[in-house]
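Undergrad: Quick note: the sequence shown uses the numbering used here, first residue 796, plus one each step.
Possibly wrong hints are sitting among the right ones.
Computed list of lysine to aspartate or glutamate pairs in EDC-like fashion (alpha-carbon distance at most 20 Å, straight line) [as the list claims (entries may be wrong)]:
#1 Lys1154 with Glu1229
#2 Lys1120 with Asp1157
#3 Lys1250 with Asp1231
#4 Lys814 with Asp1313
#5 Lys801 with Glu1045
#6 Lys801 with Asp1041
#7 Lys1120 with Glu1151
#8 Lys1208 with Asp1157
#9 Lys983 with Glu970
The set of hints was computed from the structure by calculation and includes no laboratory data.
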Amino acid sequence: MTLFDKHQALLDQAVRAAKTREYWSAFPENPSPKVYGETAQADGQAAAQAYFNSDFPLEQTATRGWVATEQSPYGVALNVRYPDCAPADLVAAAQAAEPGWQALGAQGRVGLLLEALTRIHQRTHEITHAVMLTSGQGPMMAFQAGGPHAQDRALEAIAYAWMAQADIPASAHWEKPQGKNPPLVMQKHFEVVGRGIGLVLGCATFPTWNTYPGLFASLATGNPVIVKPHPNAVLPMAITIAILRDVLREQGLDPNVVQLGLCPHNEDTQALATNPAVALIDFTGSTAFGNWLQSNAKQARLYAEMAGVNTVILESASDYAATIKNLAFTLALYSGQMCTTTQNILIPQDGIATNEGHKSFDQIGRDLGAALATLLDDPRVATAVLGAIASPATSERIAASARVGRVVHASQKIAHPQFPQAVLQTPQLVALTEADGAIYNQECFGPVAYLVAVKDGAAALSVAQNTLQQHGALTLGVYSQNPAYIDQAVRVSLRGRVALSINLTQGIYVNQSAAFSDFHATGGNPAANASYTNLAFVADRFVVVQRRAHV
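Based on the sequences and whatever the hints tell you, model everything.
TA: Rendered as structure tokens:
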């Protein structure tokens, strides 16, 4: 039985789910011992910690030395040393591995990747403990987003890659009638060929969730891949790459089809990104470096998710208490260190109508601050929801935000009982006016939310649309009792090409995205030029090379 045959049922389910967009998940998000095994969590944590203070077991032909770069937001001393490879050597190794990967064909590649993905899933607790320690995510978020949800996104990318390639027939018998003369007869063959080397540039906050889609999309379509993780979040991807390389070796293939390219120096990353052999780049990170890639890595197709300014419009509320509670959790989750977290909350300056009566602008700010205080009052809940601040620059932004407006609810530092060196800070609410566009139209990544007093509901739509056009966003939310107003918000979302969430009051939050159902980003505004995951995300990663001959 081939690996494709072994996993075809899983692939068929994934393809079906991608087409229907109904709820489906291949990998359980519940970390219960009944699901993963009684000792799975302890075993996984022990396996992750076994890498500390040692050379990570990853043998790459391009290795020129070993380097440790990670500083855990929880203050844990990792000191894991990884292969340091020269960019030119990584490229040469990838090029040498490419012909064998190409010859495997779409079916062979997909089968191998599905086998690797199932093994990744078997080591979920190991990988997600590494995600927690390197990103600062809370334990539950690290497990879900770093494990099953990331794995679902990988499977989604494989499914779309399979759909795109399966549409190409392998061969055709071609006959063109010539009247009384014999027909022209040719045999034609069509082969899917990757564009070249794929480079995946990871981020510090979601080292697997943001990296898996590009990694698996490029591999599935025939491209060898070099993964350059963020220097502060290497371990989760090193484990992932090691698993992929093990499966490649078992199948008699060159493991350098996928390599870890840590590239701790900026000049190495730039040299890799601009190498003529690098044909695909997947990037999650700052707009500054995204713009640099667009300007300098012109030889490659760039799939980039950069900074955006996410907005919620609070025009009115049919369930005010649930609205405030939902917004509070949205702002607190992982300390706002998500590319989908709301930054600007636009509120009419004269207040809003709700099921509890009229609420003034100031009252909304007080109620939202109180909801945050209630949510984060229990240290066990606070540490689980907030996680740790991943970068000192984020704490600096929190402090700076207090100087640009009126602080409605001040950020508080919280001690972590298990990790005393971790920096935990609650969200800060800052009141601004509509005239303060120079402030709220810039991304302030982290637990800072601007409550912007706008003239009225119409002005809120106008401000949101302007922000979308100039700076882009991954999410837009609206709360309103008025169907006509919601229709207007829908039109704003269509013009701004951004996902819209309407009146979220239950256990779904604007900053959450479900694989196989939600498209993460649209690729249609400045925040991102690609989407996780649609056919456009995979179809341009390969070309079709034909050959024909007379029969």
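Undergrad: Which hints from the list above does the structure break, by number from lowest to highest?
TA: 8
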